[in-house]
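Enquirer: Note that our numbering numbers the sequence shown so that position 66 is 254, with each residue one more than the last.
Certain hints may be false.
[As the list claims (entries may be wrong)] Derived DSBU-like pairs: lysine-lysine, alpha-carbon spacing no greater than 35 Å straight-line:
no. : residue 1 : residue 2
1   : Lys227    : Lys297
2   : Lys200    : Lys301
3   : Lys256    : Lys301
4   : Lys218    : Lys256
5   : Lys301    : Lys218
6   : Lys218    : Lys313
7   : Lys313    : Lys227
8   : Lys200    : Lys227
9   : Lys227    : Lys256
Simulated from the structure, these hints should not be mistaken for laboratory data.
Here the structure is a predicted model, which is why all the values come from computation and not from measurement.
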Amino acid sequence: MNSPEQVPAEEKLARYVFQSNHLRQDGTVKPDAFVPHPKANLSVTRHIGLNEGQLRDIGIHIAVQRQKRLLGRSDINASAFLSQGLRVLSAPVAGNPNHANVEDWPTDKAAQKSIAQQIALIAGKAYLYSG
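With the hints as constraints, model all of the structure from the sequences given.
Expert: In structure tokens form, the structure reads like this:
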């Protein structure tokens, strides 16, 4: 079995946002959007080979699966995760061949939150979807 592909540091990733409490009024993403708890990994989508419409379609597909509304996405380079000692590994799934997992998070929720705060600072404003 092949080991998962490490995503390069310069590659852009999308973290979809489905909860309004993960966004500030100014459109920036709160750290909670990047906390994997209670799961061990954080799901992201690689931008590689995708246009805006395809990125949105993947977000809508995920929203339907989760029975949530797609509010937006945070675009961030893999380096933001790598700089925190995390790994980003390709993990294709049905409906999203560009899916990747951010792995090696600490198990302690406070430690996860601390890392997520650093990532949120780098992330800045989200790309918001209307409708």
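Enquirer: Take the hints in turn and mark each one as holding or not.
Expert: Hints and how they fare:
1. Lys227 x Lys297: The given pair, whose Cα atoms are some 11 Å apart, holds under the 35 Å limit.
2. Lys200 x Lys301: holds, 22 Å
3. Lys256 x Lys301: Holds. Lysine 256 to lysine 301 sits at ~23 Å (cutoff 35 Å).
4. Lys218 x Lys256: holds, 18 Å
5. Lys301 x Lys218: holds, 10 Å
6. Lys218 x Lys313: holds, 10 Å
7. Lys313 x Lys227: Holds, because 25 Å separates the two Cα atoms, which is no more than 35 Å.
8. Lys200 x Lys227: Status holds; Cα separation ~22 Å.
9. Lys227 x Lys256: Roughly 18 Å between the alpha carbons, so the hint for lysine 227 and lysine 256 holds.
No hint from the list above goes unmet by this structure.
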